[in-house]
Amino acid sequence: MNGEDERLERRLREIFRGVDTTAGFEARVMQRIAALPKVTAADLRAQFDRGSEVVRRRLRREAWSNAATVAGIGASAGAVVWRYAPEIMRWAEGGGAAGMEFWLITAGVLAATIAGLWPFRARLTGVL
Amino acid sequence: MPADEAIIPLILAGRVQEAFERLVPGYRRRVFGLAFGILRDRAAAEDVAQEVFVKLWQALPRYDGRAKLSTWIYAITRNTAVSALRRRRPALSMSDPAVFAEAENAGALAAPADEDAALRRHVEKLPEKQRLAVTLYYLDERSVEEVAEMMGAPVNTVKTHLHRARASLKATLGANGEEVA
Numbered sequence: 001m002n003g004e005d006e007r008l009e010r011r012l013r014e015i016f017r018g019v020d021t022t023a024g025f026e027a028r029v030m031q032r033i034a035a036l037p038k039v040t041a042a043d044l045r046a047q048f049d050r051g052s053e054v055v056r057r058r059l060r061r062e063a064w065s066n067a068a069t070v071a072g073i074g075a076s077a078g079a080v081v082w083r084y085a086p087e088i089m090r091w092a093e094g095g096g097a098a099g100m101e102f103w104l105i106t107a108g109v110l111a112a113t114i115a116g117l118w119p120f121r122a123r124l125t126g127v128l
Numbered sequence: 001m002p003a004d005e006a007i008i009p010l011i012l013a014g015r016v017q018e019a020f021e022r023l024v025p026g027y028r029r030r031v032f033g034l035a036f037g038i039l040r041d042r043a044a045a046e047d048v049a050q051e052v053f054v055k056l057w058q059a060l061p062r063y064d065g066r067a068k069l070s071t072w073i074y075a076i077t078r079n080t081a082v083s084a085l086r087r088r089r090p091a092l093s094m095s096d097p098a099v100f101a102e103a104e105n106a107g108a109l110a111a112p113a114d115e116d117a118a119l120r121r122h123v124e125k126l127p128e129k130q131r132l133a134v135t136l137y138y139l140d141e142r143s144v145e146e147v148a149e150m151m152g153a154p155v156n157t158v159k160t161h162l163h164r165a166r167a168s169l170k171a172t173l174g175a176n177g178e179e180v181a
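Sequence lines, in order, name chains A and B. Numbering-wise, the numbering used here puts 37 at position 37 of the first sequence, and it's gapless, one number per residue. Numbering-wise, the numbering used here puts 92 at position 92 of the second sequence, and it's gapless, one number per residue.
Just so you know, these hints were derived from the structure itself, not from any lab. Wrong hints could be hidden among the right ones.
Here are the simulated DSS-like cross-link-like pairs (lysine-lysine), alpha carbons at most 30 Å apart as the crow flies [as the list claims (entries may be wrong)]:
#1 Lys159/B - Lys125/B
#2 Lys38/A - Lys55/B
#3 Lys125/B - Lys170/B
#4 Lys68/B - Lys125/B
#5 Lys68/B - Lys55/B
#6 Lys38/A - Lys68/B
Just a few of them, taken from the derived set where beta-carbon distance is under 10 Å, the chain A residues facing chain B [stated by the list, open to error]:
#7 Asp5
#8 Val19
#9 Met30
#10 Met89
Virtual Cβ for every residue (Gly too), placed ideally from N, Cα, C.
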């Protein structure tokens, strides 16, 4: 660092020297804290109840949403089966179902069961 | 650096009052310095510093030790100071003749009667981040690492701010015919 840099450093330290809070700062902080409204047990209980109500409303909304989803999937599957009923009958009568491996059918049933129960997983894990 | 290793165990043990009594004197000048660097007004900075400590008093019971105590305090200070700055700024308008005149005089090239006042004026005209870095670095002769933590910026960024600020100040002082010393 050359002489000019050292002089600038010294002057910069000088102009900030003494920049500080005024006397009695900590006492004023404690005065502001003492003036804060006191939180009572009733306040805490009311706050807890409000929070619980918010959670309950959210769970009710999610339950309706999940039920609508399941109903929608079920209605869609029913509509597909209804639309392609003749083709499905021909496939079944033609031995298509018998030609499938047992495990493919089992996997399909399991997947359908999991998909149907997925929206209710939170409650099920609580029970189990 | 304040003795965080003595304060944190008190907070986690629920001895908030004791922790707070150590925290205020330990961080008073740092919190004030950071607020002053952002607000550039001593009275406003002191008000913000008090507000920060009141917030800390209310938040200390929830401090769980995951964040570094100093980083947490500096973040609260920055946010509080910036909020205060935003509340103040709408009150200032260049259409106000008094404000316009003050801004004009701040750029005057006349030889200053007080050399320190001239240097302060030049520091005030630095870009915001450079001015904040200079203020925090020279206020208490802090390390670059601590300044970086207070600003919430990388160390190399702070070094760049300081380097550019010093170069700008030397150039400005030289262009105005003012000696650095």
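Would the stated hint for Val19/A survive a check requiring a Cβ distance to chain B of less than 10 Å? At about 6 Å, which falls below the 10 Å cut-off, the nearest Cβ of chain B leaves the hint on Val19/A intact, so it holds.
Closest C-beta approach of Asp5/A to chain B relative to 10 Å, hint status: Because about 7 Å separates Asp5/A from the closest Cβ in chain B, which is inside the 10 Å limit, the hint holds.
Would you mind confirming whether the straight-line C-alpha gap from Lys159/B to Lys125/B stays at or under 30 Å? Measuring from Cα to Cα gives roughly 19 Å; hence the hint holds.
Once the shortest beta carbon distance from Met30/A to chain B is found, is it less than 10 Å? holds, 8 Å
Starting from Lys38/A, check that the Cα of Lys55/B is at most 30 Å away, please. holds, 15 Å
For Lys38/A and Lys68/B, compute the direct alpha-carbon distance and say whether it is at most 30 Å. At roughly 29 Å apart (the allowed maximum being 30 Å), Lys68/B and Lys38/A satisfy the hint.
Would you settle whether the hint for Met89/A is holds or violated, based on the nearest Cβ-Cβ distance to chain B being less than 10 Å? violated, 63 Å
Mind checking the alpha carbons of Lys68/B and Lys55/B for me, to see if they're no more than 30 Å apart? holds, 17 Å
Does the alpha-carbon distance linking Lys68/B and Lys125/B stay inside the 30 Å limit? violated, 33 Å
Lys125/B and Lys170/B were given as a pair; does the straight-line alpha-carbon distance stay at or below 30 Å? Status holds; Cα separation ~13 Å.
Hints 4, 10, counting from the list given before, are not met by this structure.
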